[in-house]
Amino acid sequence: MKVFNTLVLSLIFSLSFQSCHSVDCGEGTVEENGTCVPLNIPDVIEGETLCASGSHWNSALGQCFVDPETVCGTGTQVVWNEDSSEFTCVSTGNPELPECPEATPGGPICITGKVRYFIDPGDETKLMTSEITDPLILDQIEIVVYDPLDYAAKGSDSEPLGRATIDATLGAFIATEIIVPTQGYIALVVRDKNWTPDSDPESWPFTGYAYQATPGINIEGTYAVTITNDQLNTWQSDLETDPSFIGEACSEGHIYNCGTWIGIYQDEESKTPIDGVVPYYGTNTRVPATSMAFIDKNTDGKLNILTRGTDRAHTSDTGIVMYFGAELTSYFGLCDFLVTDNLCNDWEMNFPKTLQGGSSQKTLFVEFVDGTRLN
Amino acid sequence: MTLVIVTFSCNEPYHGSRIVGNIYTGGVIDQNTLVTPSRISAGDGTYTYPVTDDAGYIDHYELYAGIDGIGTVRLKNFLIRPVIENHHPCLQFVRDELRVDDGDGEEHFLNMCSYPFPDLNRDLYAVVSAAPSGIGTANPGYNFLEWAFDMRDPENTVLNPSCKTVGGELQDNRILYIKEAVNAYCSQLHKDYYIGNPYQLTAPVNGEFYGLVDNLDPRTGLATGGFSFPVRYKLQDITSIFVVADPDPDRLSTENFDENLPPNPEGRIILMGNSDGSFGYLDKDMFEGTWHGLMESPYGEQIWFEYTLFYDLDEDSVYF
Numbered sequence: 001m002k003v004f005n006t007l008v009l010s011l012i013f014s015l016s017f018q019s020c021h022s023v024d025c026g027e028g029t030v031e032e033n034g035t036c037v038p039l040n041i042p043d044v045i046e047g048e049t050l051c052a053s054g055s056h057w058n059s060a061l062g063q064c065f066v067d068p069e070t071v072c073g074t075g076t077q078v079v080w081n082e083d084s085s086e087f088t089c090v091s092t093g094n095p096e097l098p099e100c101p102e103a104t105p106g107g108p109i110c111i112t113g114k115v116r117y118f119i120d121p122g123d124e125t126k127l128m129t130s131e132i133t134d135p136l137i138l139d140q141i142e143i144v145v146y147d148p149l150d151y152a153a154k155g156s157d158s159e160p161l162g163r164a165t166i167d168a169t170l171g172a173f174i175a176t177e178i179i180v181p182t183q184g185y186i187a188l189v190v191r192d193k194n195w196t197p198d199s200d201p202e203s204w205p206f207t208g209y210a211y212q213a214t215p216g217i218n219i220e221g222t223y224a225v226t227i228t229n230d231q232l233n234t235w236q237s238d239l240e241t242d243p244s245f246i247g248e249a250c251s252e253g254h255i256y257n258c259g260t261w262i263g264i265y266q267d268e269e270s271k272t273p274i275d276g277v278v279p280y281y282g283t284n285t286r287v288p289a290t291s292m293a294f295i296d297k298n299t300d301g302k303l304n305i306l307t308r309g310t311d312r313a314h315t316s317d318t319g320i321v322m323y324f325g326a327e328l329t330s331y332f333g334l335c336d337f338l339v340t341d342n343l344c345n346d347w348e349m350n351f352p353k354t355l356q357g358g359s360s361q362k363t364l365f366v367e368f369v370d371g372t373r374l375n
Numbered sequence: 001m002t003l004v005i006v007t008f009s010c011n012e013p014y015h016g017s018r019i020v021g022n023i024y025t026g027g028v029i030d031q032n033t034l035v036t037p038s039r040i041s042a043g044d045g046t047y048t049y050p051v052t053d054d055a056g057y058i059d060h061y062e063l064y065a066g067i068d069g070i071g072t073v074r075l076k077n078f079l080i081r082p083v084i085e086n087h088h089p090c091l092q093f094v095r096d097e098l099r100v101d102d103g104d105g106e107e108h109f110l111n112m113c114s115y116p117f118p119d120l121n122r123d124l125y126a127v128v129s130a131a132p133s134g135i136g137t138a139n140p141g142y143n144f145l146e147w148a149f150d151m152r153d154p155e156n157t158v159l160n161p162s163c164k165t166v167g168g169e170l171q172d173n174r175i176l177y178i179k180e181a182v183n184a185y186c187s188q189l190h191k192d193y194y195i196g197n198p199y200q201l202t203a204p205v206n207g208e209f210y211g212l213v214d215n216l217d218p219r220t221g222l223a224t225g226g227f228s229f230p231v232r233y234k235l236q237d238i239t240s241i242f243v244v245a246d247p248d249p250d251r252l253s254t255e256n257f258d259e260n261l262p263p264n265p266e267g268r269i270i271l272m273g274n275s276d277g278s279f280g281y282l283d284k285d286m287f288e289g290t291w292h293g294l295m296e297s298p299y300g301e302q303i304w305f306e307y308t309l310f311y312d313l314d315e316d317s318v319y320f
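Just so you know, the protein sequences line up as chains A and B, in that order. For the first sequence, position 298 matches number 298 in the working numbering, and the numbering has no gaps at all. For the second sequence, position 144 matches number 144 in the working numbering, and the numbering has no gaps at all.
For reference, chain B alone in the conformation it holds in the complex:
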């Protein structure tokens, strides 16, 4: 009897791989341009949101591996988002838990534009999960100026909120929303739709937080960066790895999301690393059980993706 049970237990599936990486940029790259879906800064704390057919629009990123030099496999869809969007409707009714109760009997919420500025919307970016497209209000996209319009309070006069100050006074700092409508809406978002947590970045309000794009934390001035996510494929035989900036949201539809689609011809390879060293490198010899590599821009842009690849978690000698 014991023998039978043990035999079945050995049909254990492959446990996948894990990538631990760090995306870092040179001084000339504005990390806001890495945000997906794309947004354009007006320079005064407000943003506009291009749409699919606009030039330069990037919807999301897709991480690919080349296997044996003969084919590719789509490893991961992901986004780069500001860790906190100051004006995201789903954060407008987060209680200010640290506020001293002044006995006024009112419910107090976080003021996302309080002085002094650690502007996490502008200066700190996260690598996060991508949610499927085309699933209606469960993934409304990230242009909340558009999708949250119906939830605005009739008394609201602010159209495009910012954290701009004039004479020390905040200007247009907050859109007024109807709390019940917002809470109802935000409670039914897809599990992979990212909303940052102002109290603890690593535990997002919604979605998956893989880590941070390399930068200085504007709150402390200390260097921060690095992320990690699992990959469900066995990467024993990879010969290249690359990131495609993809403009097409349909590639993340529920039908396509987990499909191993080939790289989109309309996409742009922004990072690439090959085992032959023609772009970046992939070192399979330096460490036992883990590989180390670097992706670089094939266009010479100042962006890099350095990573450690735990290619077989079952065999890895690091013992997770």
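Chain A with its partners taken away, still in its complex shape:
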């Protein structure tokens, strides 16, 4: 009897382990709650319709693959492996930018890059990301390198540090033999071709964008920024809807004639634009409410809303402010403690007083104001 009991218990034990989870689903199926159900198997004929947008059908392998064109950037070409299951992005061998000569330590530098719209007129949601590669447009502009502090002080009497050559084929520019000023700032200026001092813009207002530079270290793959004349006129017309504001903001009656500094407040590390910043300059002076306006987004994300400083004292989530008639001095910002729902307060942003900026008559000057997040 004891032997029989042992046998029964052994049988119970073994059966309880043998028959559980015994479902073995064949190819093309998967187990769902104990049952084999069919997979979605892309059909060779219908394969293309099964691939999500941004991907394509490989009939040989019967799979959807991400479109390589969305992965490989300009200046590269797609190269597939033998069974066409993987691709790599390989340089076309054609340089995307002109090639700089090697800089000598402490010596003049070379700058290469492309031209970007400040706000893309074709897609106003894009800030300083859209490159201008159309040779017809590039043929309308010239790019000049200045000492921005010298230009802010002297205006059009300032001598350029050099001029860039535009390669319309590459859609890029190169400036060589640039001697870095002692204060370490250089500005790339985009303006109408054959610009003359104190002239009104035809299509491309005098727009500067500053970099910090070090003697002997080339700046390659950077960009210059341009603002279209249409954009400038749109801003001006918008501000003129309140004649008292534009009259007080700019004694010259036009924000280009006064000269305008455009600051973009951002977190230095994440590059996130910061809202809730009250612009300051000098040692501790608020930018006058009557002399500034903020560039905001509409509900579609387009950067086409202008809010006067008299209507709001701080930046929106674009982080962008325009200061009309800005003088050459240091620029920073403090958080507006009268409002709480903003990144400036939430992150306890600190914008140091070391950044030099400004503008001059018939000049637009674009500059990032980097801050440090303390929270």
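Since the hints were made in silico from the structure, they are not lab data. Here the structure is a predicted model, which means the values were calculated and not measured. Do not take every clue at face value.
[Claimed, not checked] Chain A stretches covered by chain B per the calculated footprint, using a threshold of three residues with CB under 8 angstroms from any CB of chain B: (1) 23-30; (2) 202-208; (3) 292-303.
[Stated by the list, open to error] The list that follows gives simulated cross-link-like pairs (lysine-lysine, DSSO-like), each with its CA atoms no further than 30 angstroms apart: (4) B/Lys164 / A/Lys271; (5) A/Lys271 / A/Lys353; (6) A/Lys114 / A/Lys154; (7) A/Lys302 / A/Lys154; (8) A/Lys126 / B/Lys164; (9) B/Lys191 / B/Lys179; (10) A/Lys271 / A/Lys302; (11) A/Lys302 / A/Lys114; (12) A/Lys302 / B/Lys164.
Every residue, glycine too, gets a C-beta built ideally from N, C-alpha and C.
Since the structure of chain A is already known, use the hints to place chain B on it.
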């Protein structure tokens, strides 16, 4: 007799798999853009709600696995939602349980815009269940400005509430609703329609809370993130895993919700990981009983989905 009972007990079904993951983003991605159904921030604490045919609209996410490199299976439908919607009508009559009774005899409710701001509507996002579409008022969608219109108090003047302050005073902070109408409405929502719990995030007022998108908790500044959900398929043979941002609510209709639909051609693969390492990776060797993987954006966007896959809970040596 004993033998017969034991034999039947061994028809135990497969217990499924579990994914424990974390979605994290780089600094340039605004996590509000991950919210589904999509909403657009006006930057002042208010939102607009695009609809199905609007460009860029995302209705929900679908998690897929590729099996044996020959086919796919839809593993899970899910949403990313703000953990709390400050102005959700179903939260407007949540009693303020922590308030000291001042003896005024009135019933007090949570002020969802109280200062200082830990704005969980804007800064903290949850991975939650998706409810079936097309089931009427049991899943009214997340544009409450539209569906709760009939429940507003006739005295209400607020059209689009926000938590904006001017001079320290809250502006347009709350839509006035009829309490009885709201309570009746909110009590019949589908069990998977998510409404956050301001007292305890992990126990939502409605729906299923799987976890959080990686971020800093705005209340404490501490890092938080990670989620977990079960999958009813056996994932022994997966070779890829990917997430599709899907614009079509019909794919979550009651007829389609549990169907193994193929990926929607109108959708967009936003995250992908393959065992061959061409996108992200899927490591089946590092740990016994569990696999570890990473999905990345095939477009190079700064979003990642790292996960541990407990592919067979019956065999897993971790012993749940």
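* Would you pick out the hints that fail for this structure and give their numbers low to high? => 2 and 7
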